[in-house]
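Residues per chain, in single letters:
Number of protein chains: 2
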Amino acid sequence: MTSSTRRGPYICGIDAGMDVVSGKWKSLILWELDNYGTRRFGELKRGLVGVSEKMLIQHLREMEEDGLVHREVYREVPPRVEYSLTEHGRSLNDALRPLGAWGTKRIKRLTTEKASAST
Amino acid sequence: MTSSTRRGPYICGIDAGMDVVSGKWKSLILWELDNYGTRRFGELKRGLVGVSEKMLIQHLREMEEDGLVHREVYREVPPRVEYSLTEHGRSLNDALRPLGAWGTKRIKRLTTEKASAST
DNA sequence: CCCAATGCTTACCAGAAAGTAAGTATTGAA
DNA sequence: TTCAATACTTACTTTCTGGTAAGCATTGGG
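First to last, the sequence lines map onto chains A and B. Quick note on this note's numbering: the first sequence kicks off at 1 and runs consecutively. Quick note on this note's numbering: the second sequence kicks off at 1 and runs consecutively.
Be a bit skeptical, because a hint or two may be false.
One copy or two, either will do: identical chains are not told apart, so a pair holds if it fits within one copy or between any two.
[Said to hold, decoys possible] Straight-line Cα separation of at most 20 angstroms, SDA-like style, residue types lysine to any residue; simulated pairs: (1) K24 x R7; (2) K24 x R6; (3) K24 x A101; (4) K108 x G67; (5) K54 x D94; (6) K45 x E113; (7) K105 x Y10.
It is worth saying that the hints were derived from the structure and are not from the lab.
The task is simple: from the sequences and hints, build the whole structure.
See the structure below:
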């Protein structure tokens with residue numbers, strides 16, 4: 001059994017939204033796939049600096065199960081597997097954009113505070 | 001020392017945004033405070049069914065430290081403490097709205113699938 | 001015959017997050 | 001003198017998450 005996460009019952013929309021994005025690398029995978037359109041496993045691995053193969057595949061599988069990611073296997077040797085976002089994945093990425101913008105502002109704020117604190 | 005969470009360095013805005021919201025009850029606290037404007041500790045506890053006092057206060061403290069929540073103490077007996085959102089907290093809540101809407105759609109989708117699966 | 005290349009899979013472990021339950025402080029009222 | 005009411009604290013335990021490192025399968029090339 002791979003799926004361990006909950007997928008409901010949810011008490012509200014944010015709860016449900018947060019559930020599919022919670023996982024250390026998920027939002028980054030989302031961003032990477034949205035940005036490049038299609039990425040091979042190895043490309044994702046190299047793109048997400050620090051991710052382990054175990055977590056990468058685990059997150060990809062969960063996101064596939066959640067209908068966010070499409071997995072295309074090419075029967076070649078060595079094997080080739082390409083990942084891309086589904087329509088749901090793309091819309092989720094859109095929904096995360098305001099949070100990303102908020103976070104960017106927060107980073108700026110923190111930087112400013114740190115700068116003025118060390119004066 | 002209460003603060004254990006990371007607060008950076010962040011690799012992007014979503015990363016920073018997710019950081020302040022990650023915590024089982026944080027988005028719900030945000031929603032509750034935004035909805036009521038001001039809530040006492042006990043009111044929050046009763047509003048968030050299932051939360052323990054330990055987690056509630058821990059989350060509130062972290063959110064206060066992150067500048068999302070304002071804590072007002074009234075020196076009465078028995079004590080009264082009121083929590084409310086700061087400007088940053090309110091803007092974060094706004095930023096989370098699209099994710100909440102996405103989640104609501106997802107819940108509907110899941111419900112529909114489940115319904116048609118059991119036919 | 002062995003290795004490279006790729007995409008996994010598995011077992012094991014450490015640290016973090018969250019749950020449980022009991023205790024603290026204050027003071028007015030019974 | 002004891003209790004109720006409120007907002008926490010604290011110690012301990014359990015559960016979850018993610019990291020490490022090694023192994024597996026396929027097949028063309030040296």
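Hint check:
no.: 1; hint: K24 x R7; verdict: both (17 angstroms within a copy, 14 angstroms between copies)
no.: 2; hint: K24 x R6; verdict: both (16 angstroms within a copy, 13 angstroms between copies)
no.: 3; hint: K24 x A101; verdict: within (19 angstroms within a copy, 22 angstroms between copies)
no.: 4; hint: K108 x G67; verdict: between (34 angstroms within a copy, 14 angstroms between copies)
no.: 5; hint: K54 x D94; verdict: neither (27 angstroms within a copy, 35 angstroms between copies)
no.: 6; hint: K45 x E113; verdict: neither (34 angstroms within a copy, 33 angstroms between copies)
no.: 7; hint: K105 x Y10; verdict: between (30 angstroms within a copy, 12 angstroms between copies)
In summary, the numbered hints that this structure violates are 5 and 6.
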